[in-house]
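S.K.: Protein chains in written order, with this note's numbering: chain G, 241 to 572; chain B, 241 to 572; chain Y, 241 to 572; chain U, 241 to 572.
The reader is advised that the hints may include incorrect statements.
Because identical chains share one entry, a pair is satisfied inside a single copy or across any pair of copies.
Stated by the list, open to error - With a cut-off of at most 20 Å between alpha-carbon atoms, the simulated EDC-like pairs for lysine to aspartate or glutamate come out as follows:
hint, residue 1, residue 2
1, Lys434, Asp263
2, Lys246, Asp300
3, Lys559, Asp263
4, Lys310, Glu352
5, Lys454, Asp300
6, Lys434, Glu408
7, Lys287, Glu408
8, Lys438, Glu348
9, Lys246, Glu348
10, Lys383, Asp359
11, Lys311, Asp289
12, Lys272, Asp284
13, Lys559, Glu408
14, Lys272, Glu262
15, Lys355, Glu388
16, Lys311, Asp359
17, Lys310, Asp556
18, Lys310, Asp300
19, Lys434, Glu409
20, Lys246, Glu307
21, Lys438, Glu408
22, Lys394, Glu348
Think of the hints as simulated: they come from the structure by calculation, not from any bench.
Protein chains: 4
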Amino acid sequence: MIAVLKNTATKEQIDNLVGWFEDQGLKVNESKGDYCTVIGLIGDTTKIDIEMLQGLDIIDSVTRVSEPFKKANRKFHPEDTVIDCGGVLIGGGNFAVMAGPCSVESREQIIETAKAVKDAGATMLRGGAFKPRTSPYDFQGLKEKGIELLLEAKAVTGLPIVTEIMNEEHIPLFADIDVIQVGARNMQNFELLKALGKTNKPILLKRGLSATMKELLMSAEYIMSEGNENVILCERGIRTYETYTRNTFDLSAIPMLHELTHLPVVADPSHATGRRSLIRPMSMAATACGADALEIEVHPNPSKAFSDGAQSLTPDMFKEVMEQINKVRGIL
Amino acid sequence: MIAVLKNTATKEQIDNLVGWFEDQGLKVNESKGDYCTVIGLIGDTTKIDIEMLQGLDIIDSVTRVSEPFKKANRKFHPEDTVIDCGGVLIGGGNFAVMAGPCSVESREQIIETAKAVKDAGATMLRGGAFKPRTSPYDFQGLKEKGIELLLEAKAVTGLPIVTEIMNEEHIPLFADIDVIQVGARNMQNFELLKALGKTNKPILLKRGLSATMKELLMSAEYIMSEGNENVILCERGIRTYETYTRNTFDLSAIPMLHELTHLPVVADPSHATGRRSLIRPMSMAATACGADALEIEVHPNPSKAFSDGAQSLTPDMFKEVMEQINKVRGIL
Amino acid sequence: MIAVLKNTATKEQIDNLVGWFEDQGLKVNESKGDYCTVIGLIGDTTKIDIEMLQGLDIIDSVTRVSEPFKKANRKFHPEDTVIDCGGVLIGGGNFAVMAGPCSVESREQIIETAKAVKDAGATMLRGGAFKPRTSPYDFQGLKEKGIELLLEAKAVTGLPIVTEIMNEEHIPLFADIDVIQVGARNMQNFELLKALGKTNKPILLKRGLSATMKELLMSAEYIMSEGNENVILCERGIRTYETYTRNTFDLSAIPMLHELTHLPVVADPSHATGRRSLIRPMSMAATACGADALEIEVHPNPSKAFSDGAQSLTPDMFKEVMEQINKVRGIL
Amino acid sequence: MIAVLKNTATKEQIDNLVGWFEDQGLKVNESKGDYCTVIGLIGDTTKIDIEMLQGLDIIDSVTRVSEPFKKANRKFHPEDTVIDCGGVLIGGGNFAVMAGPCSVESREQIIETAKAVKDAGATMLRGGAFKPRTSPYDFQGLKEKGIELLLEAKAVTGLPIVTEIMNEEHIPLFADIDVIQVGARNMQNFELLKALGKTNKPILLKRGLSATMKELLMSAEYIMSEGNENVILCERGIRTYETYTRNTFDLSAIPMLHELTHLPVVADPSHATGRRSLIRPMSMAATACGADALEIEVHPNPSKAFSDGAQSLTPDMFKEVMEQINKVRGIL
């Protein structure tokens, strides 16, 4: 961590500050320039509150040299983390495809879709039981009933289940779910993250609509710092001013996160683009740049879907996408 | 609501769709062009799921003509809502100033600050007991103890209290708090919004880091649709690529929201700019364009604040800001 | 085009407006709702000024149903455009790789790089002679001398040349250049676009830092409407708040633009990411989602590059990237 | 400037780098940490190419401590610059209002508007002769004829003229114009900036759609470094994902730029918001936070304006806005 002090800082003020840093167990290196004094802090600065420092009258700016995330940091954990999701491995070269409808709508719909995606090569089933919707008047999901139906679909097909949680009070309902998803809008619901950190379930953490990669990693750190290190990150598009696509799919985040962290990274082309016609090319692209898994919306009859129909594939389209993805996997 | 159909839509498909709209109680107006057919829907379309429509194969695009928010909509409620916040009125021409530290740190700090901001003219006390921090390693607030200290400060000064909630399980702790704040990161924590909608407390709802005004209003709608119509909106800066300021203060949102909704709108220059030197000019600007209240960070000794020190004023600086704000109020 | 009129519009005002639309040769379809009247305009609305309409007192909103771009629009030109770039074809299934240094620095550097990238499989040479730099104090390019050196490198290797123009006065200097590049910062330098529209050179038009795809296409339209239809679009990253990567590489723009337009689309992973370690995975991803060409920075000795060194590959690294790209091409 | 070196840097590499810095006349301070070595550079680093440094294999990151702008920097020029715009002073406490139509349409329109805005208190006349339009099919301005009409309006009213330039070849046409405006889309048209830097005209430089304040200042630096220090900056809204307003008016930029630079700062609420109803409140806000001038669109009959009608005021509305602005000026 590097702090640049203002010209106006007195020797006494600087000495006080240096003393305080040393009290925190840091080694301090001071360098005086014509326009400013620069202080380098050496040691474990992750617990130093950068905003507090920036508030000091004598400080011009503070920059972190080392990342503020620790447990998620590849520097301290160089090997890829591999996460067991109900028998399906994600990370470390293992590749998974989670497919299914945006929302669970009925027993027939979810079981039919589960069979279809399994036939096409999906290795996990996704489906929303609790749905975060922008409008209180939109369909909010089948809730408990949806969880039950997902577990029925698992019993029939053997596919492990990934589904979203919105409230820590619901954690007991997820006891038999294989992967608990935290949606983009809850990426910084720190209370939910801490509660999930006390479980031992794999957590699929989606990047927030305007979250930086660093913030995504800090949210993973919230879960990990409570003891649960089974975190899977997910790039699902960020908000920009572009309107032809629903979001902007930040695919560079996949190899970039792989440099920064040992956690697996999943890509969700369905939410990222919001357009059915883009799923095939963007699934291939996400696979080509190293995604550890894909999450793709498939609906037996997209036109009747209760939500997000525009971005769902039919099972036939999904089959074709799987073939293309497998070709890309073949050359990696 | 206007739906544009693709060239490829057959007469039968169009008739089916029109029939379905009519079943929803909507009047349908069809207009055929050279390149497309346009369908206008007349009636209450707030419950139509726009994304579902966009997923239909025969549909090119769908546009809402009327806003999806109802209870918050000024069209259906032309008079300003006035909210009683522990005796202090906000909205409808009433003006309030909420001041206090980012975090409650100690009895001495919060009582000293409460007295100082009251002397300077503040009408409410703000202070964080539960703190949403990006890093799990940063100070997370005094929690229950912080709530107690805020209530002590209220007992001493008579200032009503506004403080942030992060978890619906904590609602009972807020029984004597006057205004419950929902932070930017929880603006779309829909479970929390619904739980607060079942209380009768005034709710100060902060705009999310990348939320549109429409989304802010839809989140207000979540609270209101559960029965609690005491919602105060807050502009606190949105995320852009600019780095000199912490966020970009979207002051146009103040008069724009006043056109769209009858709810009061508060401005928070401290979080919006993150720079102490900008608080005075931006408080004046926010007042000049019609903010119903300001929320300003004041700390007896900003350099020692546990969090957000860089943006806190000293009581003396705050006094000066109040004088300038009052001058602006004088000419409105 | 659809115009929604306000409640307050009188019959006379509406009749006047309808009459004016009919004078412009448009067919008008009127539909009255409870809250508003909707007017659908049928015919060629590309020359209607949407902003002028929005200014009319009786109008609530105006939406274009058809795109405002015409010559670039795939609807009116369904076949892929193939552009001959000094013998190398781009578009319509042909694939090219433009490689070379950010800036031309010396005869030795550019000739050495040209040979190296040709050996590795590049089909065109890129290199900056005129350099748009944020700071007037940064290196501005070798200018005329740089153009000469590029042409020498072409003479030696046979590789066609792509290089950037910043000023219409320089067009004569580009007489022997194969593809003229317009940089992101000049994407809406409409005077330059019009001047290039009067040449018959292939133009590589880079997307602006915060340009939408529609704006990129409208800028292509500026060139095409002057007579030059040899336009190649280029995605080079857009500005977001993310900081780990220099820009956010909007790869979805590649298949999306392919739906909207018949023009070829190039991807530039070097500028989009600003990080050497991301070039390989993002080149593979861009190829996988259908880019017609890639533009990649290669420098014989990246550490000494005058500009953009951080994102340049060595010739050896580039060779490896080419191998991976070719594998991806093999499965398309 | 601070460079953080990678762990893997050898002593020899570090010594070479330090030597090179010393050759550039810089003092170097080295500090070794557990994870990295930090090098502080002291002296004039404005000419060091930060991107070149970032490209070096041994470098992890480089941060500028001092700003890269020099002539525009308030540190080296503490007093406000006051610019004489045809007799009207801007900056240093002087306040101006530039009003007029978006486009010059006819002699009658511009002269009528000039008289009306003068009566209402405007001190300068604005009006577009050369119009940068997103679409080549939209009205492009009256060009030379527009300049002539503006000069006629000046002859009649005495109001100095501000109008936009798009092409350096047109500079001779602007010989009698008082202030030459550079539009947002040309903010980084460096060739145009350099050409304007060789004139002695006041230049009104608009912030680009996604430009940071630093980039705006660097563009001012382009003009100033060629000799013309008469630069006026203009905040006119930046692009975000918000759609109710055309752009997001970054009013914090006004006091922030005043800290960073001695140049005057103008606010343009018309382009920033794109909504007539927001001009009054946002003009008051911009004045309250210290704008040195406002640029406001006024049209005798906004409904017939060729461009940007939605954001133009009528002369009567403008008169009211002027009264409010003057009240705000009265309390500053």
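S.K.: It remains to establish, for every hint, whether it holds in the given structure.
M.R.: Now for the hints, and whether the structure bears them out:
Proximity of Lys434 and Asp263 under a CA criterion of 20 Å is satisfied in neither setting, with 30 Å inside one chain copy and 46 Å between copies. In this homomeric assembly, Lys246 and Asp300 come within 20 Å of each other (Cα to Cα) only inside a single copy, at 5 Å, whereas the closest approach across copies is 25 Å. For the homomeric pair Lys559 and Asp263, neither the shortest alpha-carbon distance inside one copy (61 Å) nor that between copies (35 Å) is at most 20 Å. For the homomeric pair Lys310 and Glu352, neither the shortest alpha-carbon distance inside one copy (43 Å) nor that between copies (38 Å) is at most 20 Å.
For the identical chains of this complex, Lys454 and Asp300 are inter-copy neighbours only, at 17 Å across copies versus 23 Å inside a copy, given an alpha-carbon limit of 20 Å. In this assembly of identical chains, the alpha carbons of Lys434 and Glu408 lie at most 20 Å apart whether taken from the same copy (9 Å) or from different copies (14 Å). Taking the shortest alpha-carbon separations for Lys287 and Glu408, neither the intra-copy value of 27 Å nor the inter-copy value of 28 Å comes in at or below 20 Å. Neither within a single protomer nor between protomers do Lys438 and Glu348 lie at most 20 Å apart by alpha-carbon distance, with minima of 35 Å and 35 Å respectively.
With identical chains, the CA atoms of Lys246 and Glu348 are never at most 20 Å apart, being 68 Å at best within one copy and 30 Å at best between copies. Proximity of Lys383 to Asp359 under the C-alpha cut-off of 20 Å is found in neither arrangement, the shortest distances being 27 Å within a copy and 51 Å between copies. For a Cα distance limit of 20 Å, the shortest separation of Lys311 from Asp289 inside one copy, 18 Å, qualifies, whereas the shortest one across copies, 35 Å, does not. For a Cα distance limit of 20 Å, the shortest separation of Lys272 from Asp284 across copies, 15 Å, qualifies, whereas the shortest one inside one copy, 23 Å, does not.
Taking the shortest Cα distances, Lys559 and Glu408 never come within 20 Å of each other, neither inside one copy (36 Å) nor across copies (43 Å). With identical chains, the CA atoms of Lys272 and Glu262 are at most 20 Å apart both within one copy (19 Å) and between copies (16 Å). Taking the shortest alpha-carbon separations for Lys355 and Glu388, only the intra-copy value of 17 Å comes in at or below 20 Å, while the best inter-copy value is 56 Å. With identical chains, the CA atoms of Lys311 and Asp359 are never at most 20 Å apart, being 38 Å at best within one copy and 44 Å at best between copies.
For the identical chains of this complex, Lys310 and Asp556 are neighbours neither inside a copy (43 Å) nor across copies (34 Å), given an alpha-carbon limit of 20 Å. In this assembly of identical chains, Lys310 and Asp300 lie within 20 Å of each other by CA distance solely across copies; the values are 18 Å between and 27 Å within a copy. For the homomeric pair Lys434 and Glu409, the shortest alpha-carbon distances inside one copy (13 Å) and between copies (14 Å) are both at most 20 Å. In this assembly of identical chains, Lys246 and Glu307 lie within 20 Å of each other by CA distance solely across copies; the values are 14 Å between and 25 Å within a copy.
Taking the shortest alpha-carbon separations for Lys438 and Glu408, both the intra-copy value of 11 Å and the inter-copy value of 18 Å come in at or below 20 Å. Within a single copy, Lys394 and Glu348 get their C-alpha atoms as close as 13 Å, which meets the 20 Å cut-off; across copies the closest is 58 Å, which misses it.
Figure legend: structure checked against the earlier numbered hints; hints not met, in rising order: 1, 3, 4, 7, 8, 9, 10, 13, 16, 17.
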